[in-house]
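Construct the entire structure; sequences and hints are all you get.
2 protein chains.
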Amino acid sequence: MSIESDIQTMGAHAKRAAGELNMVGSRKKNIILQSMADALEEQRPAIAIANEKDLAAGRENGLSSAMLDRLRLDDKRMDSMIKGIRDVADLKDPIGTRISRWIRPNGLQIIKQRVPIGVIGIIYESRPNVTADTAALCIKSSNAIILRGGKEAMHSNAAIADALAEGGKRKGLPDHAIQLVRTIDRAAVSELLKMDDKVDLIIPRGGEALIRTVTEQARMPVIKHYKGVCHTYVDAEADLEMAADIAVNAKCHRPGVCNAMETLLVHEEVAAAFLPRVAKLLESAGVELRGDTRTCELVPTAMPATEEDWFEEYLDLILAIRVVPSLDEAVEHINTYGSRHSDAIVSSDEVAQNAFLKRVDASTVYVNASTRFTDGAEFGMGAEIGISTDKLHARGPMGLEELTTYKYLIMGKGQIRD
Amino acid sequence: MSIESDIQTMGAHAKRAAGELNMVGSRKKNIILQSMADALEEQRPAIAIANEKDLAAGRENGLSSAMLDRLRLDDKRMDSMIKGIRDVADLKDPIGTRISRWIRPNGLQIIKQRVPIGVIGIIYESRPNVTADTAALCIKSSNAIILRGGKEAMHSNAAIADALAEGGKRKGLPDHAIQLVRTIDRAAVSELLKMDDKVDLIIPRGGEALIRTVTEQARMPVIKHYKGVCHTYVDAEADLEMAADIAVNAKCHRPGVCNAMETLLVHEEVAAAFLPRVAKLLESAGVELRGDTRTCELVPTAMPATEEDWFEEYLDLILAIRVVPSLDEAVEHINTYGSRHSDAIVSSDEVAQNAFLKRVDASTVYVNASTRFTDGAEFGMGAEIGISTDKLHARGPMGLEELTTYKYLIMGKGQIRD
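Keeping their order, the protein sequence lines are chains A and B.
Using the numbering used here, the first residue of the first sequence is number 130, and each one after it goes up by one.
Using the numbering used here, the first residue of the second sequence is number 130, and each one after it goes up by one.
Take these hints with a grain of salt, some might be off.
The list cannot tell twin chains apart, which means a pair is met if one copy fits it or any two copies do.
[Stated by the list, open to error] Think about it this way: if two alpha-carbon atoms lie no more than 30 Å apart in a straight line, the pair counts; the simulated BS3-like pairs of lysine-lysine are:
| no. | residue 1 | residue 2 |
| --- | --- | --- |
| 1 | Lys300 | Lys542 |
| 2 | Lys212 | Lys144 |
| 3 | Lys487 | Lys144 |
| 4 | Lys182 | Lys323 |
| 5 | Lys298 | Lys487 |
| 6 | Lys487 | Lys542 |
| 7 | Lys487 | Lys323 |
| 8 | Lys487 | Lys300 |
| 9 | Lys205 | Lys221 |
| 10 | Lys182 | Lys241 |
| 11 | Lys182 | Lys212 |
| 12 | Lys542 | Lys356 |
| 13 | Lys212 | Lys409 |
Don't read these hints as lab results, they were simulated from the structure.
Here the structure is a predicted model, which is why all the values come from computation and not from measurement.
Printed below as a string of structure tokens:
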């Protein structure tokens, strides 16, 4: 059998599983999810052995310590992976919810109802916990899942997927509802991305290069974010103490994630009062500063920023800073260099707040808060399958509801069209 | 200048126009739309001359009479195109609507608000009225539009687009909010489909080949339907008189459209009572019948159907008929051969109705009604930009709301993340 035909078979199996999963009710899905969590618990030793294999291979292949850390499944991470599945089981089932209902003059009753998407493909890189997290969310929302993880985590992913499928099966999870692509051959991914008759949605999770490749090849919809170049704009009317707290939090709280601030924009009227002060706080937290000319005048320790800096997602303790003459220029900067992820204004002026909210083109726009809140849990969604900077279907943090679509059910009494 | 750089410039202009359009309020948009309709009215003679040029070229190039008819803009079609724009002006503006709002324990207020998508590309074939219809819907929903029509309608489309842009401009429509690609070179389409940094959504309208090409090439989301292979299933518990009325209406009312029935499925228990009777009605309406073995036994005038017939969108007075042993087999047939567009069950048995509604994977599923109702106007949407058989973002008839996305507005008082 060729890789292509193996993948086609997985797709056909997934499509059938999706149909069966659609008939499984909420209570049974929750029992299945608890059983999946139980199986992970039971299989801890096997998963630990598999993970050790991946780590050994990673060390041999010279993976960076950051990469090895992402790959590692210690006890704490295993605990949180297992708890994550139980938490998803406790969430409200989105399937079957009535979104709206109306009756037409001819008596036809139209019901817009939430239904599963069908088959979802997840293409991801090194973190093996993604295997369990995304499988739980897909099963809870009655979608079949095809997982394709990175080759560094191959053994860990296989051990986790086996445990999940086995645990699910005990309580009636349809066969093939959770499948893992077990070859590292890239032809498998190419074939997966062509099967728009069998796979309804692809969610890539990983670095920008992976996501660009997936987007270029996929014939089905892809929901994604390339990167998070998030801004904080300190307006002329800002409370400067609040602005400093927000800026430090947005940059330093967890610099390696997509909702961390990468560029600080400061209105020229408050630049002299604000910049030296915030620079001190940031530098004492270990942040390297790169500023435009006016910033460098006010903050002599800042390096000069280049045009590339405005596009940069540092994911590190580095911050680009620019002084702007107006809110207009701040918005223009964000819409030009930003990534449509999360941007904040600090201002007590309502007119400025509203102009910023309306004009910044991003999934999430903040007034007087840190961009770090763009997150499914912080939004109260309970769990998150990713964050979208796309505009179609889902934007911002994506939870269970974003893993559903809708269908129109039309109830007639013999109506025909005149 | 190369075609590629021309298209890139159009994209950049459209993106800027989208930002400006986002700042235009509902009242002003309606005045702009009325002025666009006025300009079409004024430019009737110029549009008629342009249309005559296209028709003459079409005749010279041997276009079929059906194609020439689609191309023709007579007075009645001009009237209806102009009225269509005024009707769209009268619809409710979806932009700015609050979809939901909640407050987090930390005091953050989260508002999910409807906003424009941005830049929408429409790629279409011969009907020139699409130029005006889609431009009106995009402007009403505050989206900039890039139109790419078929080469047969080039002069007509240009005259219409000029009139719309000119009429809009008089009342403050941002420059470049409505743009038409004026070259027939296919490189223009290829470049358009690559510009996912400037174009947010592509809606192709036309034949299956066009739509497949667009889907394969596009890097941005595409919303579409390839075809409408719609089914009517007559259950064992059907009111056979109602079933006959529905079947005749679904097949014959307008056979050339996507929501017309292409395959009739009949439960074996009622086949002998139903099929000869409905066959007579259909044949007297000029329908050619193609049946499976059991159908051909009951209806001797029917031709034998082949496997290909079950996939076929005839768009003509031809109907495929199959006798099925159960509702399960009917659902299986629809989910295998169907196009996820519109499918109906005729039955008075609630259990059968609910199983069919739940299990058929289509945008619109009917109980006891003709599939011909899958249409924006029939749904009460006022206008329609197309019908989607996709599952993401929009499914079924798409009106103004489906031309919007949302954005999270988050109102804080200095919240930072712990």
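Which constraints among the numbered hints does this structure fail? Numbers only, ascending. Hints 1, 4, 10, 13 are the ones this structure does not satisfy, whereas the remaining hints hold.
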